[in-house]
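**Q** Residue numbers (our numbering), protein chains in the order written: chain A, 1 to 161; chain B, 1001 to 1161; chain C, 2001 to 2161; chain D, 3001 to 3161.
Hints in this document: simulated from the structure, not taken from any laboratory.
For every residue, glycine included, the Cβ atom is placed at its ideal position computed from N, Cα and C.
One should not assume that every hint holds.
[As the list claims (entries may be wrong)] Examples of chain D residues lying across from chain C (beta carbon under 10 Å, computed): (1) I3002; (2) G3036; (3) S3038; (4) I3042; (5) D3116; (6) F3119; (7) Q3129; (8) V3130; (9) M3139; (10) G3141; (11) L3157; (12) F3158.
Protein chains: 4
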Amino acid sequence: MIQVFVTGGTFDKQYNYITGELYFEDTHLKEMFQRGRSSLDIDISTLMMLDSLDMTNAHREIIISNCRQSIRDKILITHGTDTMVETARSLAEAKINKTIVLTGAMIPYAFGTSSDGFFNLGSALAFVQVLSPGVYIAMNGRWFDWDKVVKNRITGLFESI
Amino acid sequence: MIQVFVTGGTFDKQYNYITGELYFEDTHLKEMFQRGRSSLDIDISTLMMLDSLDMTNAHREIIISNCRQSIRDKILITHGTDTMVETARSLAEAKINKTIVLTGAMIPYAFGTSSDGFFNLGSALAFVQVLSPGVYIAMNGRWFDWDKVVKNRITGLFESI
Amino acid sequence: MIQVFVTGGTFDKQYNYITGELYFEDTHLKEMFQRGRSSLDIDISTLMMLDSLDMTNAHREIIISNCRQSIRDKILITHGTDTMVETARSLAEAKINKTIVLTGAMIPYAFGTSSDGFFNLGSALAFVQVLSPGVYIAMNGRWFDWDKVVKNRITGLFESI
Amino acid sequence: MIQVFVTGGTFDKQYNYITGELYFEDTHLKEMFQRGRSSLDIDISTLMMLDSLDMTNAHREIIISNCRQSIRDKILITHGTDTMVETARSLAEAKINKTIVLTGAMIPYAFGTSSDGFFNLGSALAFVQVLSPGVYIAMNGRWFDWDKVVKNRITGLFESI
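So here's chain A without its partners, still in its complex pose (with noise of 0.2 Å):
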């Protein structure tokens, strides 16, 4: 019923503990629909595993032509922060018919008990389902038009606007 696509972001980063950076290798979002003992239908899509800062046009083109073919009405896209609101104006301007949510992470699910991701997980997974068709982004526990948001660069805060 609920169409789930990831396209990567801090939500999936890990730490390579041999070179001390951050990666990405498989998502979490299939073991954090257990975690929270999803009852939902849902279908886990991996489109790409990306920096949103490296998130190209071309991207955002795969992103778009997934959601349009979806034969799902319900769709919730997992996405870096950084680029979030870019990719939620192109989604909003390939006029799709259908309700979807991004939503993203400030701290790497697989970082514990300080990450914000599984809470941003629980909640977009909830505005996806109730939200008339649209484009939205899930953070900080609210939800925002997609031309109604910015994120704040120095709190790291999604603001109206």
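Could you slot chains B, C and D onto chain A? The hints should help.
**A** Below, chains B, C and D alone, put in the same frame as chain A:
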């Protein structure tokens, strides 16, 4: 903007390392909203700290009375899962014209990365902002009308009826 | 080079989210040595999975017999803290000429970042490599001779006598 | 009875959720000994907070000087793993007649249940109490003489030479 009432439940239980039993100390709600980087205006009030198997009609009257008197019209209640449906029914019968969402956890938040509590809180917080006035249960990533849900005692999952 | 015998105790307890009680499933020892990136040659064997309050002389005979028959002369035993001193005494009276270190935890390893178990395992593993033949308890960052220690039931700390 | 000197290293790194980089704030050592329910008399002093790749001879002189001046003869040093062997050599060449044990972590303690730090601290604390005067490295559940160990840059494991 949102009223949170804490009533206890597995959600807030802790492990007493002297007796080996679970008990209640303070609620983790404030810490959880901070970790979730919630930027909502949330008022948290602890009404009681109870295992929901110990909840009596007198306790439910306290919850009802507080929901009625709150100046907020969006109310999130943390509650043990065993009698969550009963409390939801009592609240519905009290005919309070507000959006009231009950949530809980199968594993205490204090037990770290195995707990479902942080995910449930994120989803309940989202549902309470968006659903119309009424009484709902938010568990397993879903929301249920108060009169169309039962907890399956074998699986621990909430199910539609 | 090192023999590890698992007997249960709080160390390996887990939370049953259906009944709300603690129980035993599999030991976490193997996973713990991997997480600790131990490069020692360690042989782990589960003798029993018991709350140490339920440990009888028959159980202690099994532990003694296994310590005697092991081809290793450095033996680490995980054990509940409540009767750890009694089992240490039984082992000492059996006069096995090996270094035997008992350790445990006040909070289950499965309860995440509140547990002392991972620290205790590291210290017990170190002590068993270095101490002379004898029977010891490793708790609270220290080691104790089997006949010079008691568990303080009020504080949960092991103390010299 | 035991002196702990903090010099930084991966052990104490934290994630900066604004920049996405690792950095140092305060040490976690005090909290770790409390969680480990250590009942030892431990004096913790932070000498510096450095990635060990940034450690110069001047920094090593500070460490040596503090080890020499400490009134304790059992000294545990937390240190980045990349140049831990170099610092151990400098300490050995300074010919201080104390038991000095260096330890560290491959994954920051702050990253929760994936970190090896808590286990390493337990083992280093045990080794420093029992080993004869000398300079040692405690990693991977083992102890190494300062001049018989090398870090394998591919596996991240310390190995005997």
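**Q** Give a verdict on every hint.
**A** Structure-based check of all given hints:
1. I3002: With a minimum Cβ separation of about 9 Å from chain C (threshold 10 Å), the hint on I3002(D) holds.
2. G3036: Result: holds, 4 Å to nearest chain C Cβ.
3. S3038: This hint holds: S3038(D) lies near chain C, its Cβ roughly 4 Å from the closest one there, short of 10 Å.
4. I3042: With a minimum Cβ separation of about 8 Å from chain C (threshold 10 Å), the hint on I3042(D) holds.
5. D3116: 5 Å, holds
6. F3119: Constraint on F3119(D) satisfied, holds at 4 Å.
7. Q3129: Cβ of Q3129(D) sits 7 Å from chain C, so the hint holds.
8. V3130: Holds: closest Cβ of chain C sits about 5 Å from V3130(D), inside 10 Å.
9. M3139: 8 Å, holds
10. G3141: With a closest approach of 4 Å, the G3141(D) hint holds.
11. L3157: OK, holds: L3157(D) within 10 Å of chain C, min 5 Å.
12. F3158: 8 Å, holds
Of the numbered hints stated above, none is contradicted by the structure.
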